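As you go down the protein sequences, you meet chains A and B in turn.
Here this note's numbering is used: position 132 in the first sequence is 132, and no number is missing along the way.
Heads up, this note's numbering is the position in the second sequence plus 1000, with the first residue counted as 1.
Hints in this document: simulated from the structure, not taken from any laboratory.
It is possible that some hints are incorrect.
[What the hints assert, rightly or not] Below, computed lysine-lysine pairings styled on DSS-like, alpha-carbon distance capped at 30 Å:
1) B:Lys1038 <-> B:Lys1293
2) B:Lys1193 <-> A:Lys266
3) B:Lys1063 <-> B:Lys1293
4) A:Lys266 <-> B:Lys1237
5) B:Lys1313 <-> B:Lys1193
[As the list claims (entries may be wrong)] Which chain A residues stay away from chain B? Per the calculated CB distances, all over 12 Å, these:
6) Ser60
7) Leu153
8) Asp181
Predicted, not measured: the structure shown is a model, and the values here were computed from it.
Beta carbons: idealized from backbone N, C-alpha and C, even for Gly.
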Amino acid sequence: MENIFIVGLLAATLRVATPLIFGTLGELFSERSGVLNLGIEGIMFLGAFVGFTAAKLTGSLWLGLLMAIIAGVIAGLVMALLTVRLGVNQHVSGLGLTLLWTALSLFGFRMIFGEPSVMPSISTFPTISPFEGVPYLGTIFEQRLLTYIAFALIPLVGWIINRTRFGLNIRAVGENPEAADAAGLNVYRIRTQSQMIGGALMAVGGAFLSQAMLGAMSFGIISGRGWVCIALIIFANWKAIGVLWGSLLFGGFFALQLALQATGIKLPYELLMTLPYIVTILALTIAGRNVSVPSALLKPYQRE
Amino acid sequence: MAKKLLYIAVSMLIVLTMVVGCAPKAAGTGGTTGEAGKIKVFGAFATPIEEPWDGAVHGALLKAQENGLIEYTYTENIGYAGDMERVLREACEQEKPDIIVGDSYGNEEAARRVAADYPEIAFAFGSGGGPVDPNFSVFDNWLQEAGYLAGMLAAGMSESGIVGIVAAQPVPEVNRIVNAFQEGALEVNPDIKTKISYINSWFDPAAAKEAALAQIAQGADVLYAERYGVIDAAKEKGVYAIGMMVDQYEQAPEYVLSSVAWDWYPTIEYLVKTVSAGAYTAQDLKDFSMFAKGGAFLAPYHDTESKIPTSLKDLVEAKEEAIRNGSFRVNINDTAPVPIE
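Can you build the whole structure from these sequences, using the hints too?
This is the structure:
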């Protein structure tokens, strides 16, 4: 029984963590270049909508995912237009765009699917099981390809940010745009590129929910997961490896409270529900003592 | 210069978006003039109408409009941030409907305040509270009868002897259905065990699916999908599920045994009848959302019909008949359900 409990818990942890990893890595690109993107909740929603709809209409899940990525890139461009080119307040732009993308997606859904009494659905990305037949591991790692991609992206993003010229440029404009500009970097362009990459990743996080997790699209599909990513990026201390620990911690405790509820444990469910949030806040408080916020975060750069 | 132009373009875009976003929606047939003699109904929903509860009410109103019973307009996604009162007052002043229908759970005071100011308009709201004279009626989905039958079905179909229930949160409208479900399950199998999980949200399909997967991992082999997302887990893991609110068999024809279904049509039919006869009074409309008046039912078995043993079907059918002819009343128990262990 304990084995079943732990196996189910670990498998669920990986599933719950997947959209958080995509979203938080997207936010990582955005914030390391100096832009707080509060549009994340809306971009994830947009990704979920576009991915599902394109997959439903074309019959191809991968084409759906591609369209979600394109939508995310466009959403990133719009964010960049407002915050990078025009230097508009980042909080306002982000929250405004979250409202815009969410409403636009719901509107688009209604235009395309009307008001069905039963939600339209697609068959999801299949699970793959590299350890098929192996006890425990077989079940734990029976996951979708996107989950593996998410985990593989963490070291890749870490490498891009820390070891490549492009990553160095992102960090430069996020720490000191004036100096970067003086050194000949195009601050606008690098920040815009970061927004586009970040938007694409966030959109994939949303598309994972509609195309891999549920095979359906509806309002409430993101349900605040984008905001969780905003907290996780602080927890991660703006580092790729931190995204891994943060997503696993939150995902793990989210899965744990559901698993505990299913055991019929004699604890109020409200207490269990708060577990992932309490743990994340506690971890933030402890980890938050020596955070390294990108110095130019929230500061629009205007070339004189 | 280019930047200035960009500024202007973006500002115009934003303004345009806001204007378009705020434009009154031409829902239903629209228009404020209305054909003579037809009852005008205005719907005020806090959530998008894709939300199953609101969707059931909205669906019945659309059907009533198709049948020529009413003329229907609505506003959805009003939220819980204080817009309900404004929307209702605007509707009362501009559209002057005969009946206003809506969900007042999170907007209880606003709805009741407006109703008191417009005594000539009939208000019928989904509510946890009581009716108020002269014009504020309440309704809700009183699905405990269908829930009882669904519990019988679930317990009868479970091989592991463990039935899972994934629900929103322990509030009365959920509790009474879950409690009845458990009573029904116990009637068929006194040794049945249940698991109850809450997702603490009215609509978070991904969380509901995770909760369901956790229950399946721990042995549940029939699930009651009180919330959206659970059927998906059942389909993925190949276990049976029972749907909620509308007949949800289309979501997984092989695995959805039946659904605990709500039909709001009898309620609007009754409202139209009393309002047009000038006989409307504030009341609790719950009877119209129960078996006796056709407001609730256990959905057909559809494709799973052949998988259900005849003896079980007979049991469920007999119980349904007993409810319909009044010889058996399902308990209405609003207290938080305790899992059967």
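Each hint tested on the structure:
no. : hint                    : result
1   : B:Lys1038 <-> B:Lys1293 : holds, 24 Å
2   : B:Lys1193 <-> A:Lys266  : holds, 15 Å
3   : B:Lys1063 <-> B:Lys1293 : holds, 17 Å
4   : A:Lys266 <-> B:Lys1237  : holds, 27 Å
5   : B:Lys1313 <-> B:Lys1193 : holds, 21 Å
6   : Ser60                   : holds, 21 Å
7   : Leu153                  : holds, 20 Å
8   : Asp181                  : holds, 17 Å
Violated hints: none; the structure is consistent with every hint.
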